Amino acid sequence: MANSMNVLLSIKPEYVDEILKGKKKFEFRKSIFKRRDITKVFIYSSSPIKKIVASFEIAGIIEDYPKNIWDQCHEYGGIAKNDFFDYFKNSEIGYAIKISHLHEFSEPINPYLLKKDFRPPQSYYYLPLDYFRDYEPVLMESGKEYRTDMDIKLDTQKNMLNKNILKSEEKYGWKTVRLGDFAIYQKGKKPKNQQSEASDVFKYPYIDIRAFDKGEIKYYTDGENCVICEEDDLLMVWDGSRSGYVGKAIKGALGSTLMRLKFHATENKFAYYFLKSKYLEINTKPKGTGTPHVDPTILWNYQYPLPPLPEQRTIVSKIEQLFSELDNGIANLKKAQEQLKVYRQAVLKKAFEGELTKQWRQQQTDLPDAEELLEQIQKEREESYNRKLDEWKTAVKEWENKGKKGKKPSKPKKVKGGNFLSDNELEKLPIIPKEWKWIKVGEITESMKNGIYKQKSFYSEEGTACLRMYNIENGIIEWFDIKRIILTENEKNEYGLNAGDLLVNRVNSRELVGKTAVIPENMEFSVYESKNIRLRLNSKINSKLVNYWFFLSANHYFNRNAQQTVGMASINQSQLSNFEYPLCPFLEQQAIVSEIETRLSVCDKVEQDIEENLEKAEALRQSILKKAFEGKLLNQQELEEVHNAPDWEPAEVLLEKVQAEKAGAK
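Counting in the numbering used here, the sequence shown runs from -4 upward without gaps.
No lab work stands behind these hints: they were computed from the structure. Computed from a predicted model, the values in this text were never measured in an experiment. Each residue gets a CB set at the ideal place from its N, CA and C atoms; glycine is no exception. Mixed in with the good hints there might be a few duds.
Cβ-Cβ distance ranges computed for the label pairs, FRET-style [to be verified]:
no., residue 1, residue 2, range
1, Q316, I223, 43 to 53 Å
2, A331, I223, 40 to 50 Å
3, E602, Q559, 51 to 61 Å
4, L547, G285, 23 to 33 Å
5, E516, W394, 32 to 42 Å
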């Protein structure tokens, strides 16, 4: 694996000045580094300055059309619009390097002293990480290597640069203490006396989990046998599934499942964000086998970083600024998710209005209409029934000839097509292309069958996969938490699922009942539970298209027709059979599915990107907190302002004050 590198970047002095003033936070380039393992970028201010004046880290690189880059970055681009577009006039694609952790050297570095034959970069070149520590650097530019002799007189300049680099990372004035030795803490108690109304005596709100989490006060107490918390305290959930969750206190009598924490000589929010950064670890490593509790050996042994007070305030401000930006980004991502849902519905609506295949229909000649297709289906159904009837008659004769031993063969049932749509019903339905026809689902169905029910004793890890209502999600089969049951061969034949079958959920909450999924090719052989119905369609019907129709319209239909019991709604085969469906010619069914999938595949990709970005956003939130308490969140300018604050004093002095306060409190 290649080693990480630094980069020496040549920038005109006027733009360097804008960067150092904080007005330019994006550096624009026509070409960008091919390597992505860049640790730090050093700024070479070109003629007439000819010195290395600062370094920064790369927060990100935007690759886009120059116009889009200008729209995104011009506010902190540090360049006039005309100059920007003049620079990119012959470039189709541009790059914007986002600058972070800028560090201006207290004294610019003269590279010509570092290296006798130093050549300034035309744009940039790579530097090894130890370039400023060793005197035999290897510079790589356009695949070529250049080597220089050591100059032993350069110690002063080299050491100065290294000192400047390290100074921005040093936690100057910080102190690290064990959390349990620093925090003042006390667990709550259940009050001896309490009542539902406040009074002059019962004046303390009882702060239980509900009051802490939602601000809803249910009881009041007189304060006897209580732990009183103040508004500037922090509270931590000590017991239960949310153990480790921290928040601001409400003044009142503290409940027994909460812990009060107080941090003297510390910004309250600084302590809050520190504890927040540890929530995941505390919550996932509880103590106790029944009700989980915070493990005190984990919590109190954390090393608590204590910066000077002005730095604490600045760190909190920076955290909240970054969190605010992050929250705005998350809100935009979630808004985009909602817009995708609307778009998906719009695509399906247009599909079943015939709009997606309007041009396709115009290009067809002698296309059979839906009426002809329905006649073919009905003819096939009649022939199939007669064939099964003949087979049944033969089976009955064989059964009789064998002395009627065993169970008599079951007579095949004629598929019910459902009631035809009346003129009144048709008037209420949307207008569809003249080649199409409104029918009912039963008219295109070969069979419907409710799923199998087996007692718990039949469930086994070695059995046949059984799909439950939870495995139907967003029109597809979600293969997770699969239950398996022991079945006979007859049961497998009776309840087995084939590719193209439509699985319909018949019992669920009212908003979910009627959800469907198509059984895909190459899925493991499976049966289905009794809360689902198997819908087996005619071979001339595209089950994917019927599935899309259910996704668009079934909820509205079943909301009107489902039976409601306590907490659950249910549908039956008759209701399913009478669900209206816009039938179109077989070839057009294929064309519509293709048009839908082309559009929705783009949605799926965008949806995936959004999900990934939401995950990254949460990871970034944790990264911000991590950097904050490692002393790496503030840039050099912010640190200098902190160190010049009138109330700045080392954390060691703060710690002495805390110890004195704790001693006085005993």
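Now for the hints, and whether the structure bears them out:
1. Q316 / I223: 43 to 53 Å: Violated - the Cβ-Cβ distance for Q316 and I223, about 34 Å, lies outside 43 to 53 Å.
2. A331 / I223: 40 to 50 Å: holds, 47 Å
3. E602 / Q559: 51 to 61 Å: Roughly 32 Å apart at Cβ, these two residues miss the hinted range, so it is violated.
4. L547 / G285: 23 to 33 Å: At 47 Å between Cβs, range violated.
5. E516 / W394: 32 to 42 Å: Holds, since E516 and W394 (Cβ atoms, about 37 Å apart) stay within the stated range.
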